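J.: Protein chains in written order, with this note's numbering: chain A, 1 to 146; chain B, 1001 to 1146; chain C, 2001 to 2402; chain D, 3001 to 3402.
Derived by calculation from the structure, the hints in this document are not laboratory data.
Check each hint, because a few of them may be wrong.
Distance ranges between label pairs, derived from CB positions [as the list claims (entries may be wrong)]:
(1) B:Gly1022 x C:Glu2250: 21 to 31 Å
(2) C:Glu2250 x B:Glu1009: 26 to 36 Å
(3) D:Arg3129 x C:Glu2250: 16 to 26 Å
(4) A:Asn26 x C:Lys2017: 48 to 58 Å
Since we're looking at a predicted model, the values are computed, not measured.
For glycine and all other residues, C-beta sits at the position ideal for the given N, C-alpha and C.
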Amino acid sequence: MALNSIYGEILNEHNLRPVHKGRIENPSLVLDGKNPSCGDEITIELRVNDEDVIEDGCFTGSGCAISQASVDMMLDLIIGEKRERALKLYEIFMGMIRGEAGEEETEELDEAMVFKDISHMPARVKCAVLGWRTMREMLDGRLSVE
Amino acid sequence: MALNSIYGEILNEHNLRPVHKGRIENPSLVLDGKNPSCGDEITIELRVNDEDVIEDGCFTGSGCAISQASVDMMLDLIIGEKRERALKLYEIFMGMIRGEAGEEETEELDEAMVFKDISHMPARVKCAVLGWRTMREMLDGRLSVE
Amino acid sequence: MSQNPYRQDFPVFRNGKYRYMDSAATAQRPDSVIAAEKEFYESMNANPLRGLYELSVMATQAYEEARRAVSGLIGAEPSEIIFTRNATESLNLVAYSYGLTFLHEGDEILTTVMEHHSNMLPWRMVAERTGAVVKYLKPLKDGTIEDSELEEKLTGKTKLVAIGHVSNVLGCENPVRRIADMAHDTGAVVVVDAAQSVPHLKTDVKELGADFLAFSGHKLMGPFGIGVLYGRRDLLEKMPPFLRGGEMIESVTLEGQTWAELPHKFEAGTVNAAGAYGLKAAIEYLNRVGYDNIRRIEDELTGMLMDVLTEYPYVHIQGSEDPSKHNGIVSFTIDGVHPHDISSILDGSGINVRAGHHCAEPLMKHLGVQSTARASLYLYNDEEDVRALSEAIPGIRRVMGL
Amino acid sequence: MSQNPYRQDFPVFRNGKYRYMDSAATAQRPDSVIAAEKEFYESMNANPLRGLYELSVMATQAYEEARRAVSGLIGAEPSEIIFTRNATESLNLVAYSYGLTFLHEGDEILTTVMEHHSNMLPWRMVAERTGAVVKYLKPLKDGTIEDSELEEKLTGKTKLVAIGHVSNVLGCENPVRRIADMAHDTGAVVVVDAAQSVPHLKTDVKELGADFLAFSGHKLMGPFGIGVLYGRRDLLEKMPPFLRGGEMIESVTLEGQTWAELPHKFEAGTVNAAGAYGLKAAIEYLNRVGYDNIRRIEDELTGMLMDVLTEYPYVHIQGSEDPSKHNGIVSFTIDGVHPHDISSILDGSGINVRAGHHCAEPLMKHLGVQSTARASLYLYNDEEDVRALSEAIPGIRRVMGL
Ligand SMILES: Cc1ncc(COP(=O)(O)O)c(C=O)c1O
Ligand SMILES: Cc1ncc(COP(=O)(O)O)c(C=O)c1O
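Please build the complete structure, drawing on both the sequences and the hints.
T.: Below, the structure is given as structure tokens:
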């Protein structure tokens, strides 16, 4: 029941008024992420430039508040950052959820820290990490639009 | 544990020294009976004459003391009797095992009355009735040597 | 009914914490069922069927009594009752044994888009492997299957009809008897998925016209790990065995084997005797309460629930407007709130409802929703449960900032 | 060991009535296993996997913890552990899913004449349907499989080797590792029937070289209705699902479906979560006792029993003369007394042994017996059990008038 602490203003704001929901121009990477256990599906688009900087990003698709808000917060964090930094943030996020990340590190996740206790609701972990997993797969360099 | 009352002199006598184990001349009916749950197998031979009298009978095959003694006692009872009488005895025997036969009727089974309490050992009922079932199938007129 | 007299029989409710409304997924178990399994292991535990000693005889008797209890419940002969693990295995047994043997290229299997995956995917497997074709009846949004659908899709080629008795999403009861009559006229066999009906409705295989009927023990308060397949004797007799191994043979040599008589031919390996004994206790409990009482409780509570829910303009109930057509199942959505969030937020108040596609994805698509929240009631639910759920709905919207 | 300290943990022995020596058929259950199932139903009962509320999350955790306990017991990854109903279903799963997909006409399946029917009939089914051929290794009377047999019958055509780890009649342990090494050299996969070994011997799938390994919960003191299949990940991944239905899919549309990830792909329908939780309690109990202790108790009692039995000239023991090669299993015959009568008469003194072909008819024929009586021991047996049995033997002959 600890989960209810996750629901709240921050989550709602990102769920109801996501900043990054929509399309961007000339994405260099596009990938679908799917949460088989609930049917939620999102598509992430990223534009990464020659210096490996994520210039812009967005998502489309439907899902629960947790998956929608989580991906929106993630995009907040990684847009403008370098590929390595985004992958580092992924590690921190996963570490936080597994309860393995230090407090200092976790602070780097900013608003995404609301998902700290999601592990109390194992069925929802997949929702919270859907966007993050998809992003990591994209930046692992194995996938691109071309 | 009531079963042990079944084991005893009468049963042993028929098991160790069966009167009807062997072969007869010119059987008119021959049938195999099998108890799938334990692999026991017997073959009964009967010679029934034109007046429907069971002139002679015998059995071969292996099995536990209960099935061997039971078929031997059965042959004791039916040899010399008419087909209908044998089928009647079958009904009484089955009735006794189901606990439905009256005491008077049961007396007609003579030594075969030792199986009265076999129902306390359901796994052994099949042994006790193996010969009887086979005999009934033979006399139902559906099977013959020719 | 202000106090539900049965609730106290269910230990999970004793701490007063849970408002459990997910019985369509699995029921709660009364003390008597839990005690039956315990009693089995403590005083009659042995491997049944082949043992010649007292313990094993008691185990065998317990197991076969359970079979009789099941056959009595649905109007079948004991030898027509096969114990499986769950309804899913029962349906797969029919698919593998009957389907793969008796269906051929060009034959048609008729089912509906509202089936649970367990009554859909086995038939697709049969189709893939035999060259038969699966056709789907499309119901109206309230679950009604129109005659025109049936007349169009049930043809001379239809060899098997697989139909759910009660939908686990809409709660509607399908006209199994009418469909069975039509199917039998064209020579098809009828497989009934009764997972959601046997726990709630008096079910008789002959009255329904079912050639096969499957259900799970755990949805009628029995243990997990025990399910039932009813099969018409003549069909079971001509079918090859499914799982092979101990207990289902008559004799085995290096050259070949012969099969045991029914129902053992279909029960390979050590049986779940304790589970069957627990299921018997569940059936006894169910009979003590009686289907009439179950019906009354479910309909009353469903009515209460639907009355309140329909007053919220942002709540949408799937299926019929008539509570008595829901068999205790109420699937709903809330505008702006994903069903997973509904379920998670309700959990914060100890209210347990399911959310998702309920193993009926094609039905979700047909209804035009991605998923729903589902409250499903059973004989132990009470007005407090329904009130708690009803009153929590506006709060969900609030929590979500709506 | 004069007093067995574990015996008191088993409620079935508390009335002092039974001298249970049929553990190869099914084990007795300690209090902790019975309590675990009860605890599950009383405090964490819900349908696992899909629930979003606390009860269902607890059920899911209990179920997955059980999977981890099993994987730890046999040295596998949790995702390689599939819960089934029993060893028989595990073996059938491999036969239907792996066998029917990857075996073809002319391929050979190698097994032995000493297999339990559950590790023989599924392979015959595969042979019948694919055109593959089953070949049988013939052991010596004590169970030894000679190298010459293996070299002759394991050929380049052998695609699957199905071998029991411990015989349920002779008690002998087969050289699985050696056979697996040879089989892998020719490119065959190795299926190990570990129903009789996991309860008694530390078993590690990697050390054994098993590609698949099957066993039943009920033989290691767990509940009925829960069994295990281990499968090597890469094999499981390329195999099609077996049973189809709820919980084993990723998504379903009218056009097709995709499967869930391992191990769920092979677990269709509602899982037996309470059974798995009970099995976990059984594994914990087994680990508390320790395989070393089990070994010691079994070997000591087997030695005692065989010492006495060999003194009766009319008693004949099947298998090795070395008690430590029996894994607690002693099959025997008595001249002039049918094994069924042995078992029935012993039952009169509360002594429980099995009699029959032990689901191994071809082995019976190979040994030249129609059936045997079998005493099988486990960690809760004590000297009193063995003494009672030993001393009852002459009485059996007496009762039979010999
Ligand atoms: C060697 C062996 N294999 C397989 C089995 C089958 O186990 P189950 O009946 O639990 O499926 C048994 C037990 O009877 C056995 O002893
Ligand atoms: C309509 C229907 N059919 C089949 C099933 C499958 O039952 P089980 O998961 O017990 O095999 C269910 C339950 O989930 C159901 O609701």
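J.: Would you mind marking each hint as holding or not holding in the structure?
T.: Hint check results:
1. For the hinted restraint 21 to 31 Å between B:Gly1022 and C:Glu2250, the CB-CB distance of approximately 28 Å keeps it satisfied.
2. For C:Glu2250 and B:Glu1009, the Cβ-Cβ distance of about 34 Å falls inside the hinted range of 26 to 36 Å, so the restraint holds.
3. In this structure, D:Arg3129 and C:Glu2250 meet the distance hint of 16 to 26 Å, their C-beta atoms being roughly 21 Å apart.
4. Between A:Asn26 and C:Lys2017 the beta carbon distance is about 54 Å. The supplied range of 48 to 58 Å therefore holds.
Comparing the model with each earlier hint shows no violations; every hint is respected.
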